[in-house]
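Chemist: Using the hints provided, position chain B relative to the given structure of chain A.
In the order they appear, the protein sequences are chains A and B.
Residue 4 in numbering that gives the first Met the number 0 is what sits at position 5 of the first sequence, and the numbering runs on without skipping anything.
Residue 44 in numbering that gives the first Met the number 0 is what sits at position 45 of the second sequence, and the numbering runs on without skipping anything.
You may find that some hints are simply not true.
As the list makes no split between identical chains, a pair holds if one copy fits it or if it spans any two.
Straight-line C-alpha distance at most 30 Å; calculated DSBU-like pairs for lysine-lysine [to be verified]: (1) K178 to K343; (2) K226 to K247; (3) K336 to K310; (4) K343 to K310.
No lab work stands behind these hints: they were computed from the structure.
Protein chains: 2
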Amino acid sequence: MRVAAVIMAGGRGERFWPSSREDLPKQFLSFQGDQTLLQRTIRRLEGIVAPEDIWIVTREDYASLVFEQVPEVPVRQVLLEPQGRDTAPCGALAALYLHHTDPDTVMVLLPADHLVLQEDQFRATLSAAVAVAAGGDHLVTLGIQPTRPETGYGYIRVGESCVSPGDHAAYRVAAFTEKPPRERAMAYLQEGGYYWNSGIFVWRASTILGALWQHLPALMEGLSPLKAALGTEAEGEVLRTVYPSLPKISIDYGVMERAENTLVIPADFGWDDLGTWAALERVIPADGEGNIISGRVVAVETRGSVLQSMKDRLLVTFGLSDVVVVDSEDAILVADKARVSDLKAVVGRLEAEGLKQHLRRPLSLPSGSAD
Amino acid sequence: MRVAAVIMAGGRGERFWPSSREDLPKQFLSFQGDQTLLQRTIRRLEGIVAPEDIWIVTREDYASLVFEQVPEVPVRQVLLEPQGRDTAPCGALAALYLHHTDPDTVMVLLPADHLVLQEDQFRATLSAAVAVAAGGDHLVTLGIQPTRPETGYGYIRVGESCVSPGDHAAYRVAAFTEKPPRERAMAYLQEGGYYWNSGIFVWRASTILGALWQHLPALMEGLSPLKAALGTEAEGEVLRTVYPSLPKISIDYGVMERAENTLVIPADFGWDDLGTWAALERVIPADGEGNIISGRVVAVETRGSVLQSMKDRLLVTFGLSDVVVVDSEDAILVADKARVSDLKAVVGRLEAEGLKQHLRRPLSLPSGSAD
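With the rest of the complex left out, here is chain A:
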């Protein structure tokens, strides 16, 4: 059985500005240790997916970052989107390539910019999902055991039990739900049987292509010229031609919410999608005052804050609670921690205020480091 991973690494990640930039999104930054999120995503698959079976879908703009950070991935398996069209075209594109070689390839589709704390647990769950997907015509997703009434994630309600590979049970999906308001999220938590939608999917290439033809035929029609060109010299040119006109839609909305053959495997491996600066305190141990500190920082009477200086620059904080301070070569962010989920809108204003240069890396900023 061939297992391939398709890593989606085309996200923009404005919510980690000023560490992330238009030309250096979150997946190319490191938040713990030296490895970037992309590098950790690949390392995390060790033992399940062989290095030669790693595929990456990213934007053309980020190609050089990918080649630089993960040179072990074969260049022809780095698929370049001329522009982002959300996850359904991305998954369909990769499925076509995998299907071309072996229709029964088990495909793991996963984002490059998530964080997993318990990697062994992750691998055990993923192995179970691979076994389920290999054994039937299932669209399998990993559902994360919720630990708080999070309003920023979609939820999956489990239905009847289906198969139980090893220690892991797979359930039919009763429903995918949109991001809930807080009260509903709290009800989900109390009620039980609801899991966060991780955006990690496992299926056979033939199974997902069948589902795509069924639920998103226009997308598959649009990709037909590419299918015919696979393995020829025209491949790259055809991709560039057809991709921009594909419907922009997520695979959750376009396929998973409509399909009947969806399964969910409940999982609990310290997962976080690192949606905001505030998420760091969930995944990085805080000091005695509840601060997450990186770099040269003197935090005096400062509590519950994310504080990040850079290089030789010193950050001194005094008498503050629950703030996010992030320094970079050309810009500093100082924000209320409770508001950083809206950072994207703030950063969006910079262009309007004639400060566009701070949306991209300054010339001398090296890639791949968040600190």
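Modeler: Just chain B now, with coordinates in the frame of chain A:
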């Protein structure tokens, strides 16, 4: 009548870190427009003290800053303290020099690092003080009409009316009081008849020397070798020898609080001693959200804050109230505005934490600019 000004420019000013440094204290920074506080202090005396009658007392370390910023002051009138001994030795030293030329010189002793908003009003008041000092054996000080129950200043209680030069009344000083707790400060304000001690003094050289001999004889004894050496080649060498052993005491405590012949002239010219970053909002007009902004700053949902970026670096604040954020080439301060009066202690910790290099200017930081 010869009127000379003696400007005390030896203060350390750690409370404006990171703009101020050990080797670039507050008086050498500009907070409004281009001129530094020292330059403004000299300009403010125009029409009362001729440029050739300006004297500056400063620390040897700051000599080059003084020569650079106020080249119009004759080099031999820049008196260099080998080390700071507070204001009594400083005033005594300058009085000796002035007395040597003309015992009746009216001497205006004032700090280099205060801010005055109404300069015409300042000059009118100072003229009155000069007239009073010239006309009798008085130690005259300017008392500032208080506008808030400030606990950071000493207060002067006025006694009976004495002389009234023009529009300005001079009163006998009933008492100098220490910095009061808040309740007492509020009582002073309600009661009336209390003024802030501005640290600006006017007297004849002969008068202050008489008072110094009376109240601080040890200090004057210590200075005797210098008096004998004035005008000789040994002058500088003697100053370096005797100064470090002089008693370290303020002229307020050492002379003014003990003397009988003290007068106060109530004044109201928009005075501030710029004791902390928070003081800026009293002297610089705020924007619609109550922010004092300097440099390239995008303040989103930010209120009542002092925000200062530097050069081409961008500062973005989001969802904050009453903070002070000051960027500099090698260090950033982010502090609760209500706490910046304790900044000196925080900065003092840097040395203990092995970060001494941030107490002095980085090599490439130009002098004389706070932004």
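Chemist: Is it within, between, both or neither when you check K178 against K343 at 30 Å Cα-Cα?
Modeler: The answer is within: 18 Å in one copy meets 30 Å, while 48 Å across copies does not.
Chemist: I want to check one pair: K343 and K310. Are their C-alpha atoms no more than 30 Å apart within a copy, between two copies, both, or neither?
Modeler: both (25 Å within a copy, 25 Å between copies)
Chemist: How would you classify K336 and K310 at a CA-CA limit of 30 Å: within, between, both, or neither?
Modeler: both (23 Å within a copy, 27 Å between copies)
Chemist: Classify it for me, K226 with K247: is the Cα-Cα distance of at most 30 Å met within a copy, between copies, both or neither?
Modeler: within (19 Å within a copy, 88 Å between copies)
In terms of the numbered hints stated before, the structure departs from none.
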